[in-house]
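Student: All chains, please: the whole structure from these sequences, using the hints.
Protein chains: 2
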Amino acid sequence: MNVSNAFPLRADAQRNLERILVAAREAFAEGGLDVGVEEIARRAGVGKATFFRRFPTKEALVHAVYEGFVVEVEEAVDRALQEDDEPLAALRAFLRHSMTTQAGNKAFFEAVAARFVPPVEMTDRVMEAVARVMAPAEAAGALREGVEAGDISTATKMLGAAIRPMEGLLLPEAAWDRYLDVVICGLSADQGPLPGVAADPCAMVREVSAKSV
Amino acid sequence: MNVSNAFPLRADAQRNLERILVAAREAFAEGGLDVGVEEIARRAGVGKATFFRRFPTKEALVHAVYEGFVVEVEEAVDRALQEDDEPLAALRAFLRHSMTTQAGNKAFFEAVAARFVPPVEMTDRVMEAVARVMAPAEAAGALREGVEAGDISTATKMLGAAIRPMEGLLLPEAAWDRYLDVVICGLSADQGPLPGVAADPCAMVREVSAKSV
DNA sequence: GCACAAGCGGACCGCCCGGTCCGTCTTTTC
DNA sequence: GAAAAGACGGACCGGGCGGTCCGCTTGTGC
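First to last, the sequence lines map onto chains L and H.
Every number in my numbering is 10 more than the matching position in the first sequence, counting from 1.
Every number in my numbering is 10 more than the matching position in the second sequence, counting from 1.
Think of the hints as simulated: they come from the structure by calculation, not from any bench.
Rough simulated footprint, nothing fancy, chain H against chain L, three-plus residues with beta-carbon under 8 Å:
id	stretch
1	120-126
2	166-175
3	178-188
4	192-198
5	206-215
Across the chosen pairs, the derived CB separations fall in these ranges:
id	chain 1	residue 1	chain 2	residue 2	range
6	L	R135	H	A150	41 to 49 Å
7	L	E48	H	V32	33 to 41 Å
8	L	A184	H	R53	44 to 52 Å
9	H	A21	L	E49	46 to 54 Å
10	L	P18	H	E183	51 to 59 Å
11	L	D95	H	G41	45 to 53 Å
12	H	R63	L	A21	58 to 66 Å
Just a few of them, taken from the derived set where beta-carbon distance is under 10 Å, the chain L residues facing chain H:
id	residue
13	G160
14	D161
15	S163
16	Q201
17	G202
18	V218
As the structure is a computational prediction, the values presented were derived from the model and not from experiment.
Beta carbons are placed, not taken as given, at the ideal position from N, Cα and C, and that holds for glycine.
Tutor: Spelled out as structure tokens, the structure:
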């Protein structure tokens, strides 16, 4: 996790910044988005003030961590696209990856779920990645008519909800494929066209961002 | 919303108790589970101390409100079971109802989702109701082999996640049927047997309750 | 109608957490 | 190697929230 700024930091400051990001990711992974700043600083072996010198606010840190998630999503898509034994393979692999990440990283789960509004460019990047990963299935006609990128994004949220049934609990891995299968079946071509309209996460994020200004 | 206790309250106290429950439900519905106690008392036209005289802790209030939800789930099941034009009708109607409630009631959404561990008897009652509502479909062989009550409960959570894509946002109703359809299709018989093992919410709740003692 | 238990509410407490201040220490640069 | 710019961290602040206290009010039973 290396970070480059326009104005170069002093060597020790740069080192501390990186340690803070690593510590934050770990702490968030275990305790979710509302782990305290003090706890994160402590884990990084750093004072709270040092934290706030690097990040104007806790929210800024959350955004930085979230950006890391976005990069991972993009990488997961690249990896998933190498699977091609059957039309839905890449999509399935991607959704499976998303479940694993949500299972092992409470912060990612909460970000994907309902407790965080990501910045617009991040949503755009995610949607673009999702569009890429569903493309093979779409081209092969393996998806229901009308399935859009937003629906796949929604599917990741649904699967996250499925494996975290309640506070402090995680479904055993043996059960995951069950719900993955339900969703994949529900999205595949033999079900006929999808009814209703698709969710458009990008538009929604834009709307919320506009409202909060 | 009427409440009976073993030791009868004075008339004014009883009235205030009921006003608190109504206010709490409203406040929770709008603002979710972490609306402050003070706000709830204010809405009920009551002092904070009066609140704590009735409920030992905020958590007790949440439980009381949650119990109301359970009753509504049971009623929804009764209503859904009257639909019978096709084997899946009752199940579909129930899931649709659950979406509506989660959409209009942030507290219910958060309770169904990941922020609250309900008491054991409540989970039992919900699972029993869910088992009833899936029975017609099961009897007609309309469900995939291996679908259990826990899976239907999980389905409600998934649908909740689908319609609340992120903090402060709600999918327009026109989009709901889309995801309801995905889940129903994924659960219906023509997909072959369900892989993996079912989630067992009751066992999980018991486990968590035991751990927290 | 009176006495008293029961109920009431606003002020208060303690805790937690995000964010700031300031005296001290480290890196850099010449 | 010295001075200055930059970084450091512990102490501190303020606000919010769950929960309690206590002096006053009100419903109730005789």
